Amino acid sequence: MGAYELSLFTVIGINVILALSLNLISGYCGQISLGHAAFYGIGAYAAALAGKAGLPFAACVVLAMVVAGSLGALVGGISLRVRHDFLAITTMGVGFLFLGVVRSSDWLGGELGISQIPAAGFDKPMYLVLVLACAALVAAFSVYIKRSWMGAAFDAIADDEDTAGVLGIDVARNKIVAFAIGTALAGLAGALYAYYTRFIGLDSFGFVTSISVLSMVVIGGIGSVWGVVGATVLLTLMPELFRFINDYKLLVYGGLLFAVMRFAPGGLAALIGGGLTRLRRA
Amino acid sequence: MLYLELLVQGLIQGSLYAMIAVGLTLVYGMLRILHIAHAGLFTLGGYLAVTVMNATGSLGAAALAAMASAALAGMAIYRLAYQPILDKPPFVALVASIGLYIALEEVFRLVFGPYGLAFAQPPLQTPVAALGLSLKAGELAMAATALIAMAGLYAFANHTRLGTAWRATVDEPQIAESFGVNPVRVRYLVFLIGSALAGLAGLFVAVLSNQVEPTMGAVPSYKALAIIVLGGLGDVRGSLVAALALGVVEAFGTIYLGDVLDRDALAFAFMIAVLMLRPQGLLGGR
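Chains as they are written, first to last, in this note's numbering: chain A, 513 to 794; chain B, 11 to 296.
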């Protein structure tokens, strides 16, 4: 495996964690977030600052998850106040607020970003194994949550909040927990990213990132673990596969996003799932 | 004096936001879709205004081109993109719209080049003294146009048969339909009006900054989303108030809070703060 493949697979692993983390919030619990990149960024910045302050790698990762998760729980609190489309736009606002705060704070690196983040202490193949192991753990955790009692509660809230409340599900607590877990995992992805590139800047955590993560979730089939993993791998590879039409890369990306929603709104999971059912019937 | 100047600048900026936000809020009120691709129509208006102005030298022709192109594109987006997915969950239309906007931005970049265009002879640049302040003619024209457009919209909605049909369709689509209103025609009308206004806003931004570029729609459109949420989603009057309020808050905020937050973050901080106090928007009841 060359250096190119190593870094490509590492990025795929990080993106899988990030997409699955949003899937917990938007897919399982039905709370559409347009600002998920902020928590990815919060994790990255927390890990980078802690790392530069001399904390060991593992401690930095845990710290990043705690910081991102606590701020995420706070935003989960917002979701108790505003719902649906209001929430989507509010979370978009949270994303821009994060960018604005970092941009005007010198201790967060401002426009320049944070460079010279210490090494994690692994060589590149080892780091890839670590990232993929984390991604596998997050995927397993997602499946576990989906099958648990809490997953059922999330599902009920996604379907119809008011009915879920009437059935005795603690809607407020479950929503905040979904946000806390999802954003903590985004923090994990951020920390892994910071230690992988060893330089972080605002460009990686903007609205475009939030949108692409949401695209991975929605194109995969919102709520489906393997659908989201598949779509993430596909969408991360796509710019590489379309390198030969470099100029039209984004056009194809935007067009694909639109086409999937227009013609297969259930995403890959529904598309392939439906195809299999039809095959079995035939 | 500084206060007055900030207030006037804020209101002028707010009138631009209002022109963009009206289309968004009309579409949301009717279809419950967050119409991100609206920003692409704004950019389209800007580009065609510059192109036609440079070719013909007539500002009127430029305005007509900007409005007509945006209106046509808006109606095409409704027909080809939104109509088939109206019965799907809301995030489907949202993501489709985002995809469409990304694709539109790329089309502008590929067709008109990545560096943007400028007027050969920028119109409406003469300074005008008013209220003891010096303003550009373009700024006054923009505020006046916004005012006329909103007044016209109000008169149309309240004093014509079509306007009544439109309001009825927003309030009670099924009952309106059983009274013989064709909901599809009303939706085309909404996209026609809203998109034409966005195209016109594109022209004014092109005039005021003498520059159009593929990404010029991004920031105004994010802010327009904040505005329609502040206005209570789908509430036209609320959106107008929110647009002007946001313009003024930004004008004052960049002076007094510029060290803590930049202009864009300020707009969203304001939005989040208001929503925490009034989750139904500025003017909403309940």
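No wet-lab data here; the hints were simulated from the structure.
Since the model is a prediction, treat every value here as computed from it, not as a measurement.
Think of the CB as a built atom: it goes at the ideal place given N, C-alpha and C, for glycine as much as any other residue.
There may be inaccurate statements among the hints.
Distance condition first, Cα-Cα at most 30 Å in a straight line; then the derived BS3-like pairs of lysine-lysine [stated by the list, open to error]:
1) K146/B to K761/A
2) K98/B to K658/A
3) K564/A to K636/A
4) K636/A to K761/A
Under 7 Å between C-beta atoms, here's a sample of chain A residues computed to sit facing chain B [unchecked claim]:
5) L518
6) L520
7) F521
8) V523
9) R593
10) L609
11) G612
12) I657
13) R659
14) R774
15) G787
Simulated DEER-style distance windows between Cβ atoms [unchecked claim]:
16) E15/B to D667/A: 29 to 35 Å
17) A645/A to K98/B: 35 to 41 Å
18) E182/B to T789/A: 46 to 52 Å
19) L12/B to D682/A: 31 to 37 Å
20) A128/B to K636/A: 58 to 64 Å
21) K636/A to A71/B: 31 to 37 Å
22) L749/A to R273/B: 50 to 56 Å
23) M750/A to R247/B: 42 to 48 Å
How the hints compare with the structure:
Between K146/B and K761/A the alpha-carbon distance is near 40 Å, which puts this suggested pair outside the 30 Å criterion. For a cut-off of 30 Å, the pair hint linking K98/B to K658/A stands: about 23 Å separates their Cα positions. Distance restraint check for K564/A and K636/A: the Cα-Cα separation of roughly 20 Å lies within the 30 Å cut-off, and the hinted pair is therefore satisfied. For the given pair, K636/A sits about 28 Å from K761/A by alpha-carbon distance, which is consistent with the 30 Å threshold.
Contact between L518/A and chain B, as hinted, is not supported at the beta carbon level, the nearest pair being about 29 Å apart and thus beyond 7 Å. Interface hint at L520/A: violated, since its Cβ lies 23 Å from the closest Cβ of chain B, which is beyond the 7 Å cut-off. The interface hint given for F521/A is violated, since its Cβ lies 26 Å from the closest Cβ of chain B, which is over the 7 Å cut-off. Violation of the interface hint for V523/A is found here, the shortest Cβ-Cβ separation to chain B being roughly 20 Å, above the 7 Å cut-off.
The closest approach between the C-beta of R593/A and any C-beta of chain B is roughly 5 Å, which is under the 7 Å cut-off, so the hint is satisfied. With its C-beta approaching chain B no nearer than about 5 Å, L609/A sits inside the 7 Å limit, and its interface hint holds. Satisfaction of the interface hint for G612/A is found here, the shortest Cβ-Cβ separation to chain B being roughly 2 Å, below the 7 Å cut-off. For I657/A, the interface hint is violated, the least distance from its beta-carbon to any beta-carbon of chain B being 20 Å, above 7 Å.
A least Cβ separation of about 23 Å between R659/A and chain B goes past the 7 Å threshold, and the interface hint is therefore violated. Below 7 Å, beta-carbon pairs count as interface contacts, and R774/A has one with chain B at about 6 Å; its hint therefore holds. About 19 Å separates the beta-carbon of G787/A from the nearest beta-carbon of chain B, more than 7 Å, and the hint is not met. One distance hint, 29 to 35 Å for the beta-carbon pair E15/B and D667/A, is violated here, with the actual separation near 55 Å.
Between A645/A and K98/B the CB atoms are about 37 Å apart, so this pair conforms to the stated range of 35 to 41 Å. In this structure, E182/B and T789/A break the distance hint of 46 to 52 Å, their C-beta atoms being roughly 39 Å apart. The hinted window of 31 to 37 Å between L12/B and D682/A is violated, with their beta carbons roughly 51 Å apart. A hinted range of 58 to 64 Å is violated for the C-beta pair A128/B and K636/A, which are about 47 Å apart.
Taking the beta carbon of each, K636/A and A71/B are about 60 Å apart, not inside 31 to 37 Å as hinted. Checked against the hint of 50 to 56 Å, the C-beta distance between L749/A and R273/B comes to roughly 37 Å, which is inconsistent with it. Here the CB-CB span from M750/A to R247/B is close to 44 Å, well matched to the stated 42 to 48 Å.
In terms of the numbered hints stated before, the structure departs from hints 1, 5, 6, 7, 8, 12, 13, 15, 16, 18, 19, 20, 21 and 22, listed from lowest to highest.
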